[in-house]
Every structure is written in C-alpha cells, then in structure tokens.
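Asks: Residues per chain, in single letters:
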Amino acid sequence: EVQLVESGGGLVQPGGSLRLSCAASGFSFNTYNMNWVRQAPGKGLDWVSYISSASTSIYYADSVRGRFTISRDNARTSLYLQMNSLRDEDTAVYYCARGLSRDRSGWYFDSWGQGTLVTVSS
Amino acid sequence: QSALTQPASVSGSPGQSITISCTGTSSDVGGDNYVSWYQQHPGKVPKLMLYDVSNRPSGVPDRFSGSKSGNTASLTISGLQAEDEADYYCSAHRTTPTLGGVFGGGTKVTVL
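Line order of the protein sequences matches chains A and B.
Using our numbering, you'd call the opening residue of the first sequence number 1 and step up by one each time.
Using our numbering, you'd call the opening residue of the second sequence number 1001 and step up by one each time.
Keep in mind that the hints were calculated from the coordinates and are not lab data.
Incorrect hints may appear among the rest.
[Claimed, not checked] Listed below are several chain A residues computed to face chain B (Cβ distance under 7 Å; list not exhaustive): (1) GLY44; (2) LEU45; (3) TYR59; (4) TYR80; (5) GLY106; (6) TRP107; (7) TYR108; (8) ASP110; (9) TRP112.
Given the structure is predicted, the values throughout are model-derived calculations rather than measurements.
Ideal Cβ placement from N, Cα and C applies to all residues, glycine included.
The shape of chain A in the complex, shown without the other chains:
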C-alpha cells in the first residue's frame, strides 16, 4: 500500500522559513516523480512544485519560484520542500502527491498524503 506522510508544518512569521518532509513507503520511491500541492483554507488546489525521479527535472509555480526549493533523498525515500521568505498567502495545507513512474509520460497525481498545515502569521 502506498503511504505518504508529511511533517514539518506549523506556525511561522512572515519572512520566516520552514522545511516540509514527506516520508514515502509501499512503492519504489526512486522510480516515481513527486509533487507538492497546497490548499489554502476554504480554497482550491494549487500545484506548487515537481521533481523527477532522479532529480534531473524540477519545476515550480511562479508564486513560489525563488523562495521554495524541492528536493528528494531516494535512499531515505523522502521528499522535501524548503520554504523561505514565507508570506501570508502561503498559508495552506501542503500535500505530498505521487506523480508518474519514470518510464511513463503524462501528468497526474495518483496518491496523496494527509497533508501538513503551514500557517504564516505574525
């Protein structure tokens, strides 16, 4: 069974930093592309960032580029999101979402973690 467990959320002041983690199990983590997707309270889904299975391709949403950094450690089967210069509008539940396996073409998220809440407020 695929399991994705996020951690690292919490309350942070504007301008602060936070590092989110996602522990993966139940599948061959090193063969899957991974994503972060967020959802502000009462709002819709918002794609944040993508990283390919071997970290060779990385993409960001315009709203976070230059402030957030996605990374992964395949040996530890973990995904990370380093968030710097946080703003009020970054307040959201952040989901770790599995993408496609490296040998497939496409774009969708077939497994999601339970999410971790990030609150940016003074």
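Got chain A sorted already, so can you dock chain B onto it with the hints?
Replies: Leaving out everything else, chain B in the frame of chain A:
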C-alpha cells in the same frame, strides 16, 4: 499562472447526469491529453478520478467519464448518487510560459 476555468457549482437529482467543464488554453488543456480530475469530500484528501482525459484508475465507477474538445475538457457523472456530492478539480500539464501543472478553481457538485 491563471487557473483553469470551472463552474463554481453544478447540481442534479439522483440518477441524473451532470457535466463539469474545464477550460484552459492551447498551452495546457489543449496542448496534450494530460488532463486529470480529482474528487474531494469535505475534510478529506483529493482522490484521482480520471487521468489522460478519460482513463479511470482501478476502483473508480464507470459512471465517471471524461472527454476533451480543443481547450475544454469535461467530466460527466452519469446516474448521480448521493456519495458523488463533493468538490471536483481538473488539472493539466502546462508547457508555456513555464513547465508545470495547473488546477481548475474547483466545482461543488450538489445532489438534490
């Protein structure tokens, strides 16, 4: 990056069919067949319902179907059931101006 356009709400009676549209541009919805749909019940995690426009993952009922024409994709729920009441989001792969993903604003489906 603008979100894909979905109607805010759609409603129907049990047994009826409803369709949710998702309009983008030639850089996302119209650029390839990588459109997917997600169902989210209140307080729950999103669930993949369709991928590559019309493919259903294992376990998704066949009353959920998808199609695409030009820059608009659609999700149809046939034989609407009470448990289908939820928020639905479309998603696409965007190629310009930068590579990445994009979601629609979401559609609240109400079963009357």
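Asks: Can you name, in rising order, the numbers of the hints this structure does not satisfy?
Replies: 4
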